[in-house]
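S.K.: Residue numbers (the working numbering), protein chains in the order written: chain A, 1 to 111; chain B, 112 to 227.
By construction, these hints were calculated from the structure, which means they are not laboratory data.
It is possible that some hints are incorrect.
What the hints assert, rightly or not - Cβ pair distances, simulated, as ranges:
id: 1; chain 1: B; residue 1: Ile-188; chain 2: A; residue 2: Val-44; range: 37 to 45 Å
id: 2; chain 1: B; residue 1: Glu-190; chain 2: A; residue 2: Glu-15; range: 26 to 34 Å
id: 3; chain 1: A; residue 1: Ser-68; chain 2: B; residue 2: Glu-181; range: 38 to 46 Å
id: 4; chain 1: A; residue 1: Thr-27; chain 2: B; residue 2: Gly-174; range: 23 to 31 Å
It should be emphasised that the depicted structure is a prediction, and the values quoted were computed from it without experimental measurement.
Ideal Cβ placement from N, Cα and C applies to all residues, glycine included.
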Amino acid sequence: SQQGEEDPQALSIQEGENATMNCSYKTSINNLQWYRQNSGRGLVHLILIRSNEREKHSGRLRVTLDTSKKSSSLLITASRAADTASYFCATVSGGYNKLIFGAGTRLAVHP
Amino acid sequence: EAQVTQNPRYLITVTGKKLTVTCSQNMNHEYMSWYRQDPGLGLRQIYYSMNVEVTDKGDVPEGYKVSRKEKRNFPLILESPSPNQTSLYFCASSSLSGLLNYNEQFFGPGTRLTVL
Chain A
1 SQQGEEDPQA LSIQEGENAT MNCSYKTSIN NLQWYRQNSG RGLVHLILIR
51 SNEREKHSGR LRVTLDTSKK SSSLLITASR AADTASYFCA TVSGGYNKLI
101 FGAGTRLAVH P
Chain B
112 EAQVTQNPRY LITVTGKKLT VTCSQNMNHE YMSWYRQDPG LGLRQIYYSM
162 NVEVTDKGDV PEGYKVSRKE KRNFPLILES PSPNQTSLYF CASSSLSGLL
212 NYNEQFFGPG TRLTVL
């Protein structure tokens with residue numbers, strides 16, 4: 001089952017610009033997480049936001065969560081070429097043992 | 112260094128030839144899981160394990176087996192691989208502390224499997 005759906009599927013920007021990716025999900029959640037995947041590599045956890053939180057920051061990352069709309073956004077400010085990767089949202093709902101991933105957003109940052 | 116390792120990283124095999132992909136973690140995590148990643152579908156969970164000798168099916172378990180005899184290892188077994196199992200496979204692990212509101216998983220580097 002696919003809980004999270006990212007939008008857009010692909011995003012191409014210039015270095016220094018901000019990148020915004022959105023994630024929508026279907027059922028109530030315990031928390032929502034964002035992961036990054038460099039081409040052909042494993043996923044790396046970026047940030048987690050709990051269901052009772054609305055906004056969270058970590059360095060150049062800003063995540064928002066709107067549980068009434070069942071949506072989240074990931075903002076990367078002042079993007080760099082090294083931010084080029086795929087970004088996935090993943091939700092934890094009900095049992096703690098499963099992360100349900102969306103299909104991801106492919107971000108390309110051009111120098 | 113805390114890590115999840117998988118072997119092999121790349122494998123090309125033929126239909127019906129049994130294979131095992133190993134996964135090992137050195138973080139003393141109770142929870143381990145296998146995912147497959149296919150274009151446009153994100154990651155889908157195959158099997159997971161809450162602790163030694165405790166395993167359960169994920170969303171796409173058909174055609175796969177797992178075992179958890181030791182805490183650190185969680186091999187994925189394909190008894191009779193088929194071309195539709197061609198995919199990128201990831202192993203992940205996590206501690207069980209802070210269960211409901213903390214579930215960061217640590218991922219291995221992936222195994223790219225091609226079944227001809």
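S.K.: Do the Cβ positions of Glu-190(B) and Glu-15(A) conform to the proposed distance bound of 26 to 34 Å?
M.R.: With a Cβ separation near 48 Å, Glu-190(B) and Glu-15(A) fall outside 26 to 34 Å, so the hint is violated.
S.K.: Taking the Cβ atom of Thr-27(A) and the Cβ atom of Gly-174(B), is their distance within the range 23 to 31 Å?
M.R.: Holds: the Cβ-Cβ distance is about 27 Å, inside 23 to 31 Å.
S.K.: Determine whether the Cβ-Cβ distance between Ser-68(A) and Glu-181(B) falls within the hinted range of 38 to 46 Å.
M.R.: 45 Å, holds
S.K.: Just tell me: holds or violated, for the beta carbon distance of Ile-188(B) and Val-44(A) against 37 to 45 Å?
M.R.: 27 Å, violated
Against the hints set out earlier in the document, violations occur for numbers 1 and 2.
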